[in-house]
Amino acid sequence: MSVDNVSYYEEDENWISRTTNGWIAKVKEINKKYSQPRLKMTPLVKAMLLILRLYLIVLVAILVYKFYTVVSFR
Amino acid sequence: MEFWASLFYKYRRFVKWLSLYLALAGPGIIVMVADNDAGGITTYAATGAKFGYSLIWFVILLGPAAFAVQEMCVRLGVVTKRGHAEAIFDAFGPFWGWFSLIDLGFLDFLTLISEFVGMTAAMRVFGVPPVVTVICVSILMILIVMNGRYWTWEKIVLLFCGLNLIYIPATLLLHPDFNQIQRSLIPYFPNGITPNIFFFLMANIGTTIAPWMLFFHQSSVVDKGLTEKDMPWARFDTVIGSFFVILVAAFVMILTGMLLYKPPDGTDIENAAQAAQVIMGSHPLVGSALAIGLFDAGLLGAICISLASSWAMGEVFGWTHSINNKVSEAPLFYAFYFVSLVAAGTVVLIPGAPLVLITLFVQVIAVTLLPAALVFLILLLNQEELMGKYKNTLAQNIIGFSIVAMIVALSTLYALSVLFPEMF
Numbered sequence: 001m002s003v004d005n006v007s008y009y010e011e012d013e014n015w016i017s018r019t020t021n022g023w024i025a026k027v028k029e030i031n032k033k034y035s036q037p038r039l040k041m042t043p044l045v046k047a048m049l050l051i052l053r054l055y056l057i058v059l060v061a062i063l064v065y066k067f068y069t070v071v072s073f074r
Numbered sequence: 075m076e077f078w079a080s081l082f083y084k085y086r087r088f089v090k091w092l093s094l095y096l097a098l099a100g101p102g103i104i105v106m107v108a109d110n111d112a113g114g115i116t117t118y119a120a121t122g123a124k125f126g127y128s129l130i131w132f133v134i135l136l137g138p139a140a141f142a143v144q145e146m147c148v149r150l151g152v153v154t155k156r157g158h159a160e161a162i163f164d165a166f167g168p169f170w171g172w173f174s175l176i177d178l179g180f181l182d183f184l185t186l187i188s189e190f191v192g193m194t195a196a197m198r199v200f201g202v203p204p205v206v207t208v209i210c211v212s213i214l215m216i217l218i219v220m221n222g223r224y225w226t227w228e229k230i231v232l233l234f235c236g237l238n239l240i241y242i243p244a245t246l247l248l249h250p251d252f253n254q255i256q257r258s259l260i261p262y263f264p265n266g267i268t269p270n271i272f273f274f275l276m277a278n279i280g281t282t283i284a285p286w287m288l289f290f291h292q293s294s295v296v297d298k299g300l301t302e303k304d305m306p307w308a309r310f311d312t313v314i315g316s317f318f319v320i321l322v323a324a325f326v327m328i329l330t331g332m333l334l335y336k337p338p339d340g341t342d343i344e345n346a347a348q349a350a351q352v353i354m355g356s357h358p359l360v361g362s363a364l365a366i367g368l369f370d371a372g373l374l375g376a377i378c379i380s381l382a383s384s385w386a387m388g389e390v391f392g393w394t395h396s397i398n399n400k401v402s403e404a405p406l407f408y409a410f411y412f413v414s415l416v417a418a419g420t421v422v423l424i425p426g427a428p429l430v431l432i433t434l435f436v437q438v439i440a441v442t443l444l445p446a447a448l449v450f451l452i453l454l455l456n457q458e459e460l461m462g463k464y465k466n467t468l469a470q471n472i473i474g475f476s477i478v479a480m481i482v483a484l485s486t487l488y489a490l491s492v493l494f495p496e497m498f
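These protein sequence lines map, in sequence, to chains B and Y. Its first residue numbered 1, the first sequence is counted upward by one per residue in our numbering. Its first residue numbered 75, the second sequence is counted upward by one per residue in our numbering.
Next comes chain Y alone, as it looks inside the complex (with noise of 0.2 angstroms):
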């Protein structure tokens, strides 16, 4: 007893600023990790599978670049206690605001389907049929927001990501060559830039920094009642998750390049659970991994993505939209959850739907969006009158304007090559 007590006393202050930040921790985590969602994960395994350990470094950059643009989110839901749909409707006026509504929820339900075919896929491997994956999933999401907290459904999603994390155990099972991997860190691009790297590094671009993320962060932040004191606090989640969200990347790519890239050329795959099934031969056990951690993956994504789009639709339409209310005191909130959910997932099981075309469609459809969204967020960061001491600084827009030109660019060229194939 008298050792603990000592224990405690020594380490008193870092028990009491752990028990705070866990207290506090949740949006910055989840949004970061649901961003490795089924096609994020498809995206990592594939570029293993065709570049093995050369384009790591690549990945591990986008880490503080995903961390700048949600940080901005995080201080812009802080400071004015409103959602991102909200934020552009009050400073944009209706134009604008309705251009992103719509093009929201267009673009988070055709990615809620491609989440569903990932979870689907993922199942099937351990041969479960897709009507039940459907179904199971759909109930399982429907009580998870059904018990009135945010505290509970942030802390049930919280142990979904951390099932996020079954890859980093997976591929030590495969005693990977560390050091060979300590020198893949350095910068270098495998026979120069070719215009299939730039697709690789394009698609890895695209999927590190969507724009769901920019609204659900925003409204999980005022969700969950974080204020101006709360800060630094919701920055250092934000950290965290972007480090995580880099290492299961990072992990997902040295598992594939490992079991799957065959040098010069690489292996081409065409989704995560492809590449489970594959494996599932020689490493069962790495291969069910991979099946799980991508069905995970979907789900964390569906959870965010379905809840970003009835966020933005409750602010905007002025409807009670809180996960803290009862779904008999925000039923048009939570309408809208399930009806997303159930035609999502209904979608997926009409027979000879075009999935695959849905899935690039998402790609095509997201720069629509991302473009404004991330252009609104710098701008709405500069107003003196809204964010006060908070607003951008010169280095913050420097590396916010940096940032935010090069996606653009770059998730433009890959919208272009998905629609015309040969220009690449």
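The following block holds chain B by itself, in its conformation from the complex (with noise of 0.2 angstroms):
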């Protein structure tokens, strides 16, 4: 390998740690803006807010299990 490809490489590889870590401080930053929800977590938003937490962990299982049983069929 030249060293113009080595140095090629290196940019490359600079290029996507960059972008990878700028990606992931952003996600920080933005979960650090919004860390304190605003919503008042009165008893009836609370109720919601899990009810409607069973109703994803439920359907994730149930999509879970489709893709399993196709899968074993295939």
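Among the hints, a few may not be true.
Said to hold, decoys possible - Quick list of in silico lysine-lysine cross-link-like pairs, BS3-like style, CA-CA up to 30 angstroms:
hint : chain 1 : residue 1 : chain 2 : residue 2
1    : B       : 32        : Y       : 465
2    : B       : 33        : Y       : 400
3    : Y       : 303       : B       : 40
4    : Y       : 90        : Y       : 303
5    : B       : 26        : Y       : 400
6    : Y       : 465       : Y       : 155
7    : B       : 26        : Y       : 155
8    : Y       : 463       : B       : 40
9    : B       : 33        : B       : 46
10   : B       : 40        : B       : 26
11   : B       : 46        : Y       : 303
12   : B       : 33        : Y       : 463
13   : Y       : 465       : Y       : 303
14   : Y       : 155       : B       : 40
15   : Y       : 155       : B       : 33
16   : B       : 28        : Y       : 155
17   : Y       : 298       : Y       : 229
18   : Y       : 229       : Y       : 400
19   : Y       : 298       : Y       : 400
20   : Y       : 463       : Y       : 298
21   : Y       : 90        : B       : 28
22   : Y       : 90        : B       : 46
23   : B       : 32        : Y       : 155
24   : Y       : 303       : Y       : 229
25   : Y       : 463       : Y       : 90
26   : B       : 40        : Y       : 400
27   : B       : 28        : B       : 40
28   : Y       : 298       : B       : 33
29   : Y       : 155       : Y       : 463
30   : Y       : 155       : Y       : 400
31   : B       : 26        : Y       : 298
32   : B       : 46        : Y       : 155
33   : Y       : 84        : Y       : 303
34   : B       : 33        : Y       : 465
35   : Y       : 229       : Y       : 84
Claimed, not checked - What the simulated footprint calls covered on chain B by chain Y, stretch by stretch (three residues with Cβ under 8 angstroms from a Cβ of chain Y suffice, anywhere in the stretch; the number is not a length):
hint : segment
36   : 20-32
37   : 36-42
38   : 45-52
39   : 57-70
Calculated from the structure, these hints are not laboratory results. Fair warning: this is a prediction, and the values are worked out from it, not measured in the lab. Even glycine gets a Cβ: it sits at the ideal position worked out from N, Cα and C.
With the hints as a guide, bring both chains together as one complex.
See below:
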């Protein structure tokens, strides 16, 4: 491998790591910005969010089961 | 001259009212008409071919339900001046925020693919190869947003909304029996509630209220810059949109009901393009109108869906995200729009791509986002500190919760019926 090729490779690697780090930093910034939910957590809100979580867990379980049956059938 | 002057004087209030409405009209009509996307037209065409006029009454009932949901988005957007994605992050924190954003991005991308499937199928009826359709549509969609003015974008899209009404003259050409249609408006289920009819009811609900609509409508209200004093107009705009969405749906059902329905079991069609192809043999003009309408529906859906994702990403990541900005002023917002558009178009062109599976998968993924987005909407609308005098009233909450419960239950059952067809 020539010296030029090595430097291009390193540049590419730097660009990828810079971009990845940039995105990670942005996500952290967003998480920090919204870390305190503005919604008042009344019992109704808590109950609704709990029901929503349970609903999604059941739905994901059904999707995983379907995926498993499709894969094992094949 | 005097005649026109006196006419103007006589109707000056109406003219003033109309010009004000035309200035403020847009988001409500666009979101509702775009709701009749390629998947929607296919669902209505299949329902008409299978059950004739029997289920038109059910689709009419969905109009007020769609209005109730979208009206809440208008209120939230006008009062908070924030899009739906940003509002969820702000009110519910990063967990629900990321869940909604990632789910929306994934779902919108799959739906965008299904719009391209619809558009390519529609143009194939006229012998246009898919690759030409995808390239032309992508260029057209890029040109529409690149002018850097929300107003221009909105008026161009409203023209495409007008083209969506093509089903009305196409149906009228067939001289439908309006007495028979009127009789079918009394709610009843032909042969009772069978698993088959239940599947179609669920499909119609699933296509009338989609998650991207909440995000798109709220963001477009914000981008248009509507304020609290414009609220009555924005509501009226949504009423007009709900009327058109149901009108088009009903006419598609009448059209396929007249030409494809064969009693007692009806006809099974796979998509609207197939229906257009069949109709083309006996009624070339009507078949062409159905194909043009399908293409237009796919185009409208694609425009709104790709913008819904781009607005949502822009809101959360803090990019400049207005159609009022030029490409150089909002590069990441437009880049996301272009990339998602080109990627979805490319998927359609891949030989052997599982397009039918993707179209079915859209329905399943939608039910992971729709309940969450609707619940968040109702909870946000009940926050007095956020909404002030525009907070939901008791009556609005009762209506809202009932609609949300019905939509969540039926769309979940629909997704289950897609996953496990033997269940129903």
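Within 30 angstroms, alpha carbon to alpha carbon, are residue 46 of chain B and residue 303 of chain Y?
violated, 34 angstroms
Taken at face value, is the distance from the CA of residue 400 of chain Y to the CA of residue 40 of chain B at most 30 angstroms?
violated, 38 angstroms
With a cut-off of 30 angstroms on the C-alpha distance, tell me whether residue 465 of chain Y and residue 155 of chain Y pass.
Holds, at roughly 15 angstroms.
Verify this for me: three or more residues of the segment 45-52 of chain B with a beta carbon less than 8 angstroms from a beta carbon of chain Y.
holds (count 4)
Does the alpha-carbon distance linking residue 463 of chain Y and residue 90 of chain Y stay inside the 30 angstroms limit?
This hinted pair holds, its Cα atoms lying about 28 angstroms apart.
Checking one constraint from the list: CA of residue 84 of chain Y to CA of residue 303 of chain Y, max 30 angstroms. Satisfied?
Answer holds: residue 84 of chain Y to residue 303 of chain Y is near 27 angstroms, not above 30 angstroms.
Coverage claim, chain Y over the segment 36-42 of chain B, checked by counting residues with Cβ within 8 angstroms (three needed)
Holds, because 5 residues of the segment 36-42 of chain B bring their Cβ atoms closer than 8 angstroms to Cβ atoms of chain Y.
Does residue 155 of chain Y lie within 30 angstroms of residue 46 of chain B when you go C-alpha to C-alpha?
holds, 26 angstroms
Hinted pair residue 33 of chain B and residue 463 of chain Y, Cα distance within 30 angstroms:
Holds, because 27 angstroms separates the two Cα atoms, which is no more than 30 angstroms.
Please verify whether residue 298 of chain Y and residue 400 of chain Y have alpha carbons no more than 30 angstroms apart.
This hinted pair holds, its Cα atoms lying about 15 angstroms apart.
Distance restraint between residue 155 of chain Y and residue 33 of chain B, which requires alpha-carbon spacing of 30 angstroms or less:
Holds, at about 18 angstroms.
With the threshold set at 30 angstroms, check whether the alpha-carbon distance from residue 26 of chain B to residue 298 of chain Y stays at or below it.
Roughly 28 angstroms separates the two Cα atoms, so the pair holds.
When held up to the earlier numbered hints, the structure conflicts with 11, 21, 22, 26 and fits the remainder.
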